[in-house]
Amino acid sequence: MRNSWDSSFGIPILTEKYGDLRVFDTSLSEEGIIGRAVGMALAGLMPVPEIQFRKYAEPAAEQLSDTGIMRWRTNNQFAAPMVVRIPGGFARRGDPWHSMCDEVEWVHKVGWQLAMPSNAEDAVGLLRYALRDNNSTIFFEHRNLLDNAWARRAYPGDGYVIPFGVAKHLLQGDCLTVVTWGAMVERCENAAKLFTDKIELLDLRTLSPWDKQAVLASVKKTGRCLIVHEDNMSAGFGAEIAAVLANEAFFDLDAPIRRLTMPDIPSPHNIHLLEAAVPSEESIAEAMQDLLEI
Amino acid sequence: MKNNLPTMIDITLAEDQIEGTVAKLSQWLVQPGAAVAAGDPVVELETDKVAMEVCAPEAGRLETILKQPGDDIEPAMVLGRLVQLGGSLLPEQEQEKEQEQRPESAPSANPATQSDDAITLVGPAVRRLMRDHDLDISLICGTGRGGRVTRTDVMTYLEKRNAGDTQGTRTSGDLVGKRIAHTAMRQSIARYMSESLLHTSPHVTSVFELDMSNIIEHRRWHKKEFSEQGVKLTFTAYFLVACVQAIRAVPQVNARFHQDALELFEQINIGVGTALGDQGLVVPVVKDIQSKSLFEIAEKLQQQTEKARTGKLKPADMQNGTFTISNHGVSGSLLAAPIIINQPQLAILGVGKLQKRVVVCDVDGRDTMVIKPMCYVSLTIDHRALDAFQTNQFLTVLVDTMENWGN
Numbered sequence: 007m008r009n010s011w012d013s014s015f016g017i018p019i020l021t022e023k024y025g026d027l028r029v030f031d032t033s034l035s036e037e038g039i040i041g042r043a044v045g046m047a048l049a050g051l052m053p054v055p056e057i058q059f060r061k062y063a064e065p066a067a068e069q070l071s072d073t074g075i076m077r078w079r080t081n082n083q084f085a086a087p088m089v090v091r092i093p094g095g096f097a098r099r100g101d102p103w104h105s106m107c108d109e110v111e112w113v114h115k116v117g118w119q120l121a122m123p124s125n126a127e128d129a130v131g132l133l134r135y136a137l138r139d140n141n142s143t144i145f146f147e148h149r150n151l152l153d154n155a156w157a158r159r160a161y162p163g164d165g166y167v168i169p170f171g172v173a174k175h176l177l178q179g180d181c182l183t184v185v186t187w188g189a190m191v192e193r194c195e196n197a198a199k200l201f202t203d204k205i206e207l208l209d210l211r212t213l214s215p216w217d218k219q220a221v222l223a224s225v226k227k228t229g230r231c232l233i234v235h236e237d238n239m240s241a242g243f244g245a246e247i248a249a250v251l252a253n254e255a256f257f258d259l260d261a262p263i264r265r266l267t268m269p270d271i272p273s274p275h276n277i278h279l280l281e282a283a284v285p286s287e288e289s290i291a292e293a294m295q296d297l298l299e300i
Numbered sequence: 116m117k118n119n120l121p122t123m124i125d126i127t128l129a130e131d132q133i134e135g136t137v138a139k140l141s142q143w144l145v146q147p148g149a150a151v152a153a154g155d156p157v158v159e160l161e162t163d164k165v166a167m168e169v170c171a172p173e174a175g176r177l178e179t180i181l182k183q184p185g186d187d188i189e190p191a192m193v194l195g196r197l198v199q200l201g202g203s204l205l206p207e208q209e210q211e212k213e214q215e216q217r218p219e220s221a222p223s224a225n226p227a228t229q230s231d232d233a234i235t236l237v238g239p240a241v242r243r244l245m246r247d248h249d250l251d252i253s254l255i256c257g258t259g260r261g262g263r264v265t266r267t268d269v270m271t272y273l274e275k276r277n278a279g280d281t282q283g284t285r286t287s288g289d290l291v292g293k294r295i296a297h298t299a300m301r302q303s304i305a306r307y308m309s310e311s312l313l314h315t316s317p318h319v320t321s322v323f324e325l326d327m328s329n330i331i332e333h334r335r336w337h338k339k340e341f342s343e344q345g346v347k348l349t350f351t352a353y354f355l356v357a358c359v360q361a362i363r364a365v366p367q368v369n370a371r372f373h374q375d376a377l378e379l380f381e382q383i384n385i386g387v388g389t390a391l392g393d394q395g396l397v398v399p400v401v402k403d404i405q406s407k408s409l410f411e412i413a414e415k416l417q418q419q420t421e422k423a424r425t426g427k428l429k430p431a432d433m434q435n436g437t438f439t440i441s442n443h444g445v446s447g448s449l450l451a452a453p454i455i456i457n458q459p460q461l462a463i464l465g466v467g468k469l470q471k472r473v474v475v476c477d478v479d480g481r482d483t484m485v486i487k488p489m490c491y492v493s494l495t496i497d498h499r500a501l502d503a504f505q506t507n508q509f510l511t512v513l514v515d516t517m518e519n520w521g522n
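Line by line, the protein sequences are chains A and B. Start counting the first sequence at 7; every next residue gets the next number (this note's numbering). Start counting the second sequence at 116; every next residue gets the next number (this note's numbering).
Just chain B, with the same shape it has in the complex (with noise of 0.2 Å):
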């Protein structure tokens, strides 16, 4: 019998930590049982666009698991229970079958698989199929001891696999494809995606030509004085800028929409589309850029980019923005229409890739063709809230700041 009733912990999400967006549980970090220091991460979430991590309120052992893999989690929910540790506390059945075990005269069960995660546990049979049938073990469910994926798991996940296949034959013909899970992002991005396009915004695109000449001269004189002080100075730290001076221009652009109003914010905070290869797409935005110089929003820019690239984005840095810029051009394209606005947001800017072009100029009062590093830019507007007349003058203020930038 138990006299002194150990402390328990709860191990809850803080209020903020997924402000406005759904978070799932992806994974417990530790099992039932392993003790965990102060801070240790415990347990980890997957939000639309991030996996974050909740750490131990303070040293203990986990006790009890309230919330498994896959349950939506909401703030100031109850995720799971620490004991503080001196507290005896293993839970009586188990205390029972030890005893069972102890006197029992065959060096019972393997303690292998008796570990805190046997998740990890990954037997020859079951490493052979994942590489046979060129598996991720994280899309299966495991119903071995300890969340272990058995050979069994994986047959009946391939089965079910199979067995969509057969679906899909129905619907396409003789079509059999492989079937590839969608990760919370994926499904984040599909429905706002379509949800944007299809049944918030009118989306009209204007597209106008940049030449880049001055930004490139203008970025080789400084680019090593930035990178002397650790900052990669990229062009779209120059648009960023640009932007700022452009939404001076036409405040209507930083905004969102409401039914009676239109609400204009004094703050920019603008997002950089982040591809993530087949992960998908990230939007870490570089907040409060109305205040700061090129040095200070390169720097910002990198850190955030930096953070997108190596999956250690927090929700908070994907929040609040006002404005987005698509840099599509990077890999290769030269114009795409319309793209898609982040919701709430009212515009999004697009730019192409950059390339020499021959251009007509007037060179002493004649026509001449000059070579030029030119790039289109465009702007996709919801048409709810802004007409041509804003969408052009953005640009206009946008390219005119780029091709003078220095003069």
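Isolated chain A, as found in the complex (with noise of 0.2 Å):
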């Protein structure tokens, strides 16, 4: 379900090669485009509304909070799988609409599951996984990777399919687990090869399910954790993240849990106010150094 409006992600396409009764636009509410969403699951599709961008999720909140919460209201005798695709976070420039990040809202809401790929492989991998699963699904499509030199990737075929909670490992190292999810990626692996063998590189891919395991695997390895997020400090997936380290790992802490995320502002709309904003691969290194060096 899209509208045709916005054709800057290239979905027409679908509607070409599939036909309007499977691709077509919907009206111009959102609260109508996911409540449409669950009749349609209620029926048995699978449904996969879009939400045009990230901040129009909003007049949709209650739809998408009574989705989440739909078999245990219903004693799991009803449940409306779906696939919710929404495009966020900075892209060229920020602004409070477009580009805000806050997925961490999405981890809140129970019963739903969170995937946000950092590149077109996992895209794949991901998203096959979501559409055959039987519960539903935020996937969170990083606007700066939809057309990014380092995101794009082969197609890695029809039956590639990754789980759901299972971390990717970039790189390996002994000295510091940096654990990152969506455009922070790309950064962090550029920022660690400024250290070679020491960083551990996590791609979480998903949010809810998160991979702890990986995660305290890795850190009582290093003994170090760096958590880098777009979405803001306050609250974020990161502060999750160092809470559950610091109950289930801290006889293995060698260093402060540390996070590095967007302050707690809207996306900023100018250019440079924007790159001062998110985590950048000099502050990602930075940050790095710090922790390694404590």
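These are computed hints drawn from the structure, not numbers from a lab. Glycine included, each C-beta is placed from N, C-alpha and C at the ideal position. Misleading hints may appear alongside valid ones.
Computed spacing ranges between beta-carbons, pair by pair [as the list claims (entries may be wrong)]:
id: 1; chain 1: B; residue 1: Glu173; chain 2: A; residue 2: Ala223; range: 52 to 62 Å
id: 2; chain 1: A; residue 1: Asp180; chain 2: B; residue 2: Asp251; range: 47 to 57 Å
id: 3; chain 1: A; residue 1: Pro215; chain 2: B; residue 2: Gly292; range: 42 to 52 Å
id: 4; chain 1: A; residue 1: Asp180; chain 2: B; residue 2: Ala166; range: 32 to 42 Å
id: 5; chain 1: B; residue 1: Asp251; chain 2: A; residue 2: Asn253; range: 24 to 34 Å
id: 6; chain 1: A; residue 1: Ala223; chain 2: B; residue 2: Ala152; range: 42 to 52 Å
id: 7; chain 1: A; residue 1: Arg79; chain 2: B; residue 2: Thr271; range: 50 to 60 Å
Make the complex out of the two chains shown on their own, each in a separate frame, by following the hints.
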């Protein structure tokens, strides 16, 4: 379901390929988009509604919340599995509507799964898993990765599936664990190249569920952890990871757990302000170095 | 740009503080950037036998550290510099760093690790390793910021230690032990002992028996009177007095051997070996006892042993001894030989355990077995300077003084 007014992400081609019974425009009403998707799901279809940009999920908040708890509300007699695709995050410039991240909201919504891939290959595997799963998923597509050289990958094939809750180890290292996801993965990987063999880089890929075991195992090995995310600092998903580490890996910690995130501000429109606000390769490298030297 | 050059104050070691001994810098007690008041201890040195502190000559902020832990320290060396408070004084690099960090949005570096003494910051992982392996953190070299001991430092230390064990395996069959690094005190004891016994003095030990009845009786009568004045009357105090008598009779014992001459001393300064458990042994010296009464000697002795046990001895408290007493009997030994001479002295008195023994005495012209509190006293001498003649004369006078105390 989509609105043809927007053609920036190359979806209209699907209408041509599969016809307008399967791929069609909706009215410009987010509550209606999700509400209709719930009806279709209850009727046995697997709807893939699209919310044009992250902020516009807000008018659909009630439908989304109720979808997540449908199994619980109906004693598991009804469910409305669907895959809600939402682009968000900074792109060439920021703004408070299209560019916000706030992915942690979906982690907090009971009953939803949340995928936030960092590249096209993972997106394929995760999307296929979401489409085959019997639970609802928010599929958060980062705007900056939709046409990004680093994120562009070869098509991994029709059988490629990545189960949720399995982090990807991008780099192996002994001295510092860096946990990240989404558009920060590329920046962290580039920053980590300055510290050969020292940094273990984990791309969580999904935040709900998240690969707690992989993070714990890595931090128990390195004793140090840096969490990098684009979402704002306060109560961002990094806080959840830090709290789990403090509880379950306390006696293995050799340094304070550190978060590097956007400050608690709206995503700035001015490109220079945006660059100053979003963790950059430089600021990530600086945080890595600081933690390595502590 | 700085207009006013701030006044720098050197932190140095006073000429007389470590007279004749080797000092090593053990640790800085404050870190660069920290403010100190005049007289505050800023750096700790370890000499052969004591840990000592060097204090700030004036109030200021510690600006530069010039000597690192482990460095050998000589008098007049500049160990570091203070800057008088008021002058702006971060090194330029750090100022730059601060400016870089300020506009950064991320609430960056952890304040705890930028504090002044990271050596005291022991993280959970390190703390657990220390406990699991029963380690002493002071033996581990910290490579973290501000000297913090990191988990990697502990792992490296353990690896090295294990590697050391592997070497041990090669030389000692299947034996694998736990290595405990020597303290400066242990190293100097080792050096002095082998030097004295194997390279300097041919040792000979003579042993006499001593009846302590009179001393015990005298002490019983005077203990309370001394203690009312805050002084503990110990048997050692009596031995010090008796040594003065014996030295007066045999002044060659209170002397120093030179290739061409024997140098006799008027002054009698007697060191008393004081055990510090596993840490080792120190020898605080009671000085000028030739002119002191039993009370004064007991009082001075008490002060010195107290200092030794609380680690407050200064190098001066252990210098210029002319003779030494070893109370090896305190921990149960009847006789120890040879007791190694405390160089450059010429003799050392050993006092064995006080024990009731049956001795044969002449009672009314008949040999009779009598129970008496006895102990062995020994004198180990440097045979280069002394012979049995002086040795036995010394012990004769000593025993005579003790046995006839109060007569």
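Quick rundown of the hints versus the structure:
1. For Glu173 (chain B) and Ala223 (chain A), the hinted distance range of 52 to 62 Å is satisfied, since their beta carbons lie about 54 Å from each other.
2. At about 25 Å, the CB distance of Asp180 (chain A) to Asp251 (chain B) disagrees with the hint of 47 to 57 Å.
3. The hinted range of 42 to 52 Å is satisfied by Pro215 (chain A) and Gly292 (chain B), whose Cβ atoms lie roughly 50 Å apart.
4. Taking the beta carbon of each, Asp180 (chain A) and Ala166 (chain B) are about 37 Å apart, inside 32 to 42 Å as hinted.
5. Judged by the Cβ atoms, the range 24 to 34 Å given for Asp251 (chain B) and Asn253 (chain A) holds: they are separated by roughly 30 Å.
6. For Ala223 (chain A) and Ala152 (chain B), the hinted distance range of 42 to 52 Å is satisfied, since their beta carbons lie about 49 Å from each other.
7. Taken as a hint, the range 50 to 60 Å holds for the pair Arg79 (chain A) and Thr271 (chain B), whose Cβ atoms sit roughly 57 Å apart.
In summary, the structure is inconsistent with hint 2 from the numbered list given earlier, while agreeing with all the others.
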